[in-house]
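Enquirer: Let's have the full structure, built from the sequences with the hints guiding it.
As numbered in the numbering used here, residues 1 to 572 make up the first sequence, in order.
Be a bit skeptical, because a hint or two may be false.
In silico DSBU-like cross-links for lysine-lysine, where the CA-CA straight-line distance does not exceed 35 Å [stated by the list, open to error]: (1) K205 - K405; (2) K123 - K379; (3) K119 - K205; (4) K309 - K379.
Quick caveat, the hints were computed from the structure, so don't treat them as lab data.
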Amino acid sequence: MRWTQSYIPTLREDQSEAELISHQLLLRGGYIRKLASGVYLYLPLMQRVIHKFSNIVREEMNRAGALEITMSVLCPSEVWKETGRYSTVGKEQMRMKDRHEHEMILCGTHEETVTSLIKGEVKSYRQLPLNLYQIQVKFRDEIRPRFGLMRGREFIMKDAYSFDATEESFDESYQKMVDAYFRIFKRAGLDVVKVESDTGAMGGKAAHEFMLLVNTNGGEEIIFFCDKCDYTANVEKADFRPSNKVSTDAELKELKIVDTPGAATIEEVTAFLKVDANRLAKTLLYMADGKPVAAMVRGDRELNLTKLKNVTGAVELEMATPEQVMKSTSAPVGFAGPVGLKSCPIYVDPLVAGIKNMIVGANANEKHMLNVNIGRDFKATEVIDLTSAQDGDHCPHCDGYLSSKQGIEVGNTFMLGTKYSESLGAKFLDAEGKEHPIIMGSYGIGITRTPQAALEKYHDDMGIIWPKDIAPFLVELIPLNMEKESLVETAEKIYKELTEAGIDVLLDDRSDRAGVKFNDADLIGLPVRITIGDKSLKEGKVELKARSRDEVGKVPVEEVVSAVKELLKKLN
RNA sequence: CGGGGUGUAGCGCAGCAUGGUCAGCGCGCCUGCUUUGGGAGCAGGAUGUCGGAGGUUCAAAUCCUCUCACCCCGACCA
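Expert: As structure tokens, this is what we get:
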């Protein structure tokens, strides 16, 4: 491709709409443009990146025995009502009515559609296992689109769905996908880690996420790693054994109410009473589907909303407003406590249950209770883990310690069980002629978000540094002066040779000055750069440079193709 | 949805408090000449319903009301 024949609108200045470096680079490099919040257009360079990555995904999915299909983006609402997700996924769903006033949605995922597809036609265990996938656009009306392609409202995803007759067969199918995922990301030049995750609105028994670890602020999720075993989980899911000691007294002391004027937060109360935060228990009030619930975590730890949501089984969980807190506890925010709290269930974290003579709010303005003990002074509805893991906690599986890193989710796998097959009636007959719901799994890879995620990792001050297998072109060919025939002729010759050798090359045939071309080359980030200038051409040579390296090599014009091949072999 | 912020040329921005040569700057774009190894120089040129609607006023980018869009923080994230 010749630059002047393509459409690569690079920009010199940072764009105000972009916060993340990867987003900024895609805009400045002429890869994408925004049409509306969370809606992006893919320009020629981005389109090529999408093709390259999709092809890797397609090849590996096919190799794993999955079958490519295409399902509609539109779906009648009824199907989603049958599985119950019409209400649980609710607001993220793009909804519309057709001209017959028939309610339709734009799919954000296709469990309902694919299950409808196979039910009634897959009737026998002999037809299983089966795995269907597609690479297709998805719509999710995100509450808050942001970060360019990372959280858009319209995006491209590879989604696969497995159907199995037995748990053993399902485990194999699931593992096949996991293996395929590692191969896919490896081929794309990306190191990912597989972590345990919450199942969220997907339902099902377990789930994993595939995360690209990054050092920039583009990390959307915190991942915990054990330093001894292979335990990894995201912050929503991470279990732990507490490591810092809970202060304990030998005896249960007498309950006391004390004035704590002006002290509502943990910091204020600990400062006022001159105690450590781990002697305190926070009593946090949330509204679970409109009903108040109390959650108690230790003063020095953070509540894990996902854990609380799972415990309460609520679809909507949000922090209670000051008015609701007043109504439930008869006190302003900051003075809630479990003693005498009758208005709502009280979920207590084990860390709190372990504190003897704890300090809690007294459900009265500017008052706290000392020496409160679970069992004696109040009853927990349930004692259950509600606390987010933090660095330094003990691994739940071994005697190692947890530490965290930031990551970006690029793929996920869900063990769906029979949630969808049961509600939609996708059943098969086993060898004995007995009917069972099909065991399902679903597997996603973000086709548009993954390349952007990669850029959070693969860039420098000058611009993008693509892993070669998802780069839009492999080589950028730069004749430094389009007025000089010798340079142009050489460029054309090399362009032809590389193209014939099957190497994607972009010829920068603009009549701009060298600086402009070099800067744009660094910005758009092709793996290899060939510079054709007077200096080395006098010796019959051109310059060869990898975007990821500083060294510039000189090679004879006749040997360019083999030199490029050699260099590419050494690059990620 | 709650909190904060921004809309002025293709992009990045100044101007707004204290209405009146405020329709401006940089980059980009067009023409010509020179230049050509890290975002060129000179000369000339084009481009704006100042997000939109209404209002106040002799006069509105500037003040008021309403509205739309976008960005950031939070809730959310299949």
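Enquirer: It remains to establish, for every hint, whether it holds in the given structure.
Expert: Here is what the structure says about each hint:
{"no.": "1", "hint": "K205 - K405", "verdict": "holds, 25 Å"}
{"no.": "2", "hint": "K123 - K379", "verdict": "violated, 51 Å"}
{"no.": "3", "hint": "K119 - K205", "verdict": "holds, 22 Å"}
{"no.": "4", "hint": "K309 - K379", "verdict": "holds, 20 Å"}
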